[in-house]
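A.B. asks: Residue-level listing of the chains:
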Amino acid sequence: MSELAERLPALPHGRFRRRRGSRGWLLIAGLLAAITLLPVIVVIASFSQIDAELWQHMSRHVLPRVSMNTLWMVLGTAVGSLVLGTALGWLTAVCDFPGRRFFGWALLLPMAMPGYVMATAMLGLSDFNGPLHQLLQALFGSDVAAPRFRHLGGLLLVLTLTLYPYVYLLSRNAFMSQGARSLEVGQSLGLDRMRSFLRISLPLARPWLAAGTLLVMMEALADFGTVAVFNYDTFTLAIYHAWYGMFSIQSALQLSGVLILAVLIIITIEQRLRGRSSYTAQFAGVRDEALLRLGTAQRWGAFAFAATVFLAAFVVPAAQLLVWAVPNLARDFDARYMGFAFNSLVLAMMGAALVTALGLLLAYAVRLAGHPLARLLARVATLGYALPGTVLAVGVFVPVAWFSDSASSVLAWLFGDGAPRLVLQGTLFAMLLAYCIRFLAVAHGPVGSQLERVTRSVDEASRGLGVSGMRLLRRVHLPILRRGLITAAVFAFVDIMKELPITLMTRPFGWDTLATRVYQMTTEGEWERAALPALAIVVVGLVPVAVLLHQSDRRRA
Amino acid sequence: MFPMVRARMVRAAAMALLAASLVAGLQACSGGADSDEARLVVYSSRAEHLIKPLFDAYTERSGVRIDFITGEEQPLIQRLLAEGESTTADLLITVDAGNLWNASSEGVLRPVSSAALESSIPAHLRDPQGRWFGLSVRARTLVYAPARTGPEELSTYEALAEPQWQGRLCLRTSRKVYNQSLVAMLIAEHGEARTEEIVRGWVDNLAVDVFPNDTQVIEAVAAGQCDVGIVNTYYFGRLKAQRPGIAAALFWPNQQSTGVHVNVSGAGVTRHSPRPEAAVAFLEWLAQPEAQAMFAGLNYEYPAATGVALDPLVADWGEFRQNLINVSQAGELQADAVRLMTRAGYR
Amino acid sequence: MLEVSDVSHAYEPGAWAVREVSLRLEAGRIGCLLGPSGCGKTTLLRCIAGFETVAAGGVRLHGEVLAEPGRHMPPEKRRIGMVFQDYALLPHLSVTGNIEFGLHALPRAERRRRVEEMLELVGLAEHAGAYPQELSGGQQQRVALARSLAPRPRLLLMDEPFAHLDPALRERLLVEVKQILRQLGTTVLMVSHDPLEAFALADRLGVMREGRLEQWDDSYVLYHQPVNRFVAGFVGRGAWLKGIVRGDGGIDTELGVARGHSAESLRPGAQVDLLLRPDDVLHDDACVTTARVVERSFKGSEFLYALALDSGARVLASVPSHHNHAPGERIGIRLATEHLVAFAAQV
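Residue numbers (our numbering), protein chains in the order written: chain Y, 1 to 557; chain A, 558 to 904; chain E, 905 to 1251.
The set of hints was computed from the structure by calculation and includes no laboratory data.
Keep in mind it's a predicted model, so treat the numbers as computed, not measured.
Any given hint might turn out to be false.
Here are a few chain Y residues that face chain E, going by a calculated C-beta distance under 10 angstroms [unchecked claim]: (1) Leu63; (2) Gly190; (3) Ser278.
Even for Gly, the Cβ is constructed at its ideal location relative to N, Cα and C.
Isolated chain Y, as found in the complex:
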């Protein structure tokens, strides 16, 4: 035996045999990162002026509280989403239970519900004098009060219910490609199902779970709407406190810098903890029959669990929205809604296509550059997602305006006074650029973790068969990446449908969307009238998501 071992040359250690990195790809990663870094640069530049008095006030009266609050909120939401998303992802991917196919895509729907909308709906339901309260009083007398949601627990519930789909969709992808096999390995080695799940399925899904949880954490960090409805003071609120309250955008940007740093630290820690391990299980393809068979009680338990989440996260808030929307239908619903819906759809589709393409490009740049610097740059390029939307909108707008101004000056210098002026701000171009910067993270996460599936040996085997270049990409990589790409597109699409600050600030005249419609109503506190456009977002956003997911389920990679 030992003689044999000597004769078989072992591959050099390291996840991949290191190839000579290509400078071109490093350059692309660098360029992409540079574009997406614009707002980060604006943030860093803000540190040139520090308002000492304001910082003193903040550090004494605001930061201690909001830091702890933010920590609890982000941790709570991350854990909640991780648990809920993983459990549901695993159930719908691997287990056989009634309604599995329906829940497969339906459990994604809560994502289309903007967090502040769900928060308002939930509070509307449960608040003093709300329907829940009245129901309980009617049933049990006036001493009984509805449970109060206006505290950290309620906030975590709402955030978890709106954000878990990020983890859910990614974990589902991971578990689908594992199938029941990972459990069988454990069982053949004497571990029961639960322990096999914990020790094999879960660790193998780690890149996907980490990517999803990171998205949840960044989204929670950047959230303003939901925490504002709950009146829960987080870091974002401190940022607006400085900017809107005390008119100091510099301090607001500086505070945002702290958020960026926090995310960078989280990412670094996660990467470090992974070490040399790989998560590319070489399990043979999983067939439909390979679903895990559950006992009757377990089947219905799984159904009840999925149904409860779906009910709480989608049906109940949607019903509340419907109740609000109907009385205003006659007044507010008119032909313009077709325009709003059209604008929303077009922007979300264009944005999602661009963001996904960029995410793919970035993932490849990192892979082909084969340089740790590229990995770092890619990480930095996705940080825009953790910035509060309004800060990011300014962070994109300022450099774009500066650029088109400079370009116009150059044109004027070249061609004299009659030269055309370049005005990029307030164009679709600037808008889409800002979307890309904000949402690159949601595309990079799924595509990047799926790209880990394409090992060097896959490349080499394909090259051996004479497939290379674009053909390699099209015939080998894209089919493997397919589910990652679809996931990225779904995330980007839904996020852009809901996106507000960038749309508000950069949209061209007349490009009102469903989301800006929601804003028009909520800004004057007319929640009931905001229900109609909010519901329209859900409906319009729902259709493409369902179609994409259906596509993704048809062929299991």
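Add chains A and E to chain Y, keeping to what the hints say.
C.D. replies: The following block gives chains A and E in isolation, referenced to the frame of chain Y:
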């Protein structure tokens, strides 16, 4: 199936690029040369449905087309700053004096001297240097539950800090600029120390945690969660229009002293406006009675100009004495007010 | 001892993947199930492992019931090891981590000792810290073997364990794996579609077709006394030659009288097809019966000739490689049957 998805993606991406370059190109062509067109560009933080009817009315009368975008005040101000000389915006409309003050101190508004504006808009509702003008008045007053309290017990904003209101007061969060303006005005009248005492008194008297909006404050009063709250009148107007029987009423405080705290929704001409004369003409139109009635009436607000007919529902609340300190004080002292409220534990 | 009695399994009602299969495998023996893909052999293995429930029949190991209809011992309780076709190594764990994985119940020291022992056994001691993706295919296969053997299973199941290896490596590993299994005295049931692999490893062989176990016997018996044409054809190369059974038990053929042990008594006068394996046909220059060489393939120490007889029938002959004849040549042959495998002729 996959090639189809891919083809669609590619097509969508191509479409996106095409559309983007098209729009960018159009803008680039039209950017420089449209200043003589009969057109105005407005950046507004007043919600579209409260402002668009006025634009339409003006276009109908004057033939001037009005392009506008809506958004939050601060991003709009930052946008004006970033655009600098190349901005296409002629007017900035906001819904409170603090942001108007901030816009003028950031230098994005230009001074306007117009006899028509100065005669119709009272002095305390416009910038002394003419950089902005209030167009509607938003009174921040008391709402109470007639079943549990009344005019005999109510008197002033300051009195709500007294122990007799322990557990009976409802407030909206201090993050809203309306409360920041109110406290800024209190600072202007009483100084920081006394104001902080008042705010601490309010916080001590809270019946429940602060609410995210005025409507919920009124609902809480009507539902019996508390007896009195501080709200803008038009929120009450909207609720009253929907539910005439609502168990809440308005009270005008400080009638014996400083008067009711008012804020303005107002507008100013941008520093680099390509069409300043047209912009001023539009402002003047907005200040004359017909437009004033419409401006205020769209949202149960009060007109800024005097002698303009009120919406019947609003007229029903009776006359009141306004606080005559210039509303720009609200902007000047806003940062101090925010700090003070944070110190006092008013969230 | 593994006893499988009348086991049936269906993935969907009515679609039987395994039908009424019975077999016994004595302790310490190596058994192998052969069959084309889709014949149900892997499903049977999964039923024994406990990943599938049995619809009928029973599985017992050392007298203990593992599975019966309505009774299903969970796989993790069965103490049955499994080597998966794709190895299913855990990429997030090192070689040591993989081997240690099934030893969770043992104390730490014992665990370490067992891992070292297994590493030594499969010759991977120096790769203990490597990750699976850093190993060659053969090394991965041995890690999979070590992992499944480490907990000392009562029975080891192997699903096409050599399918992913190149032929040269497979041949070497077969020998080594057999040594390891013999050394440990493990009872093994494996699944393969390759008869050579099966003969190299197994003492007991079975051939499955469409869910049924056609025959289950010692390797020697199965090869020389297959119960039907399918089994005969599947386990080795050969050709069918027509003949008539003589009164003395021999069979008259074109190549003369074939004599030997016969599994079944053949009815004199019956028309039969006689199976001639390549080693049943001897090349003998002195022989008057000749056949034309149709095809020649070089196997190192021998040639395998495909020969055409005068009647047009074809036979195979295995001939020492110093007898080199070109296609087209006629060579002398004679029969050297030891066992007679004949079935009623197909018309």
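A.B. asks: State for each hint whether it applies.
C.D. replies: Hints, verified against the model:
Because the beta carbon of Leu63(Y) sits about 39 angstroms from the nearest beta carbon in chain E, more than 10 angstroms, this interface hint is broken. Of the supplied interface hints, the one on Gly190(Y) holds, with its beta-carbon coming within about 5 angstroms of a beta-carbon of chain E, less than 10 angstroms. The restraint placing Ser278(Y) at the interface with chain E holds, with a minimum CB-CB distance near 4 angstroms, inside the 10 angstroms limit.
Violated hints amount to a single one, hint 1; each of the other numbered hints is respected by the structure.
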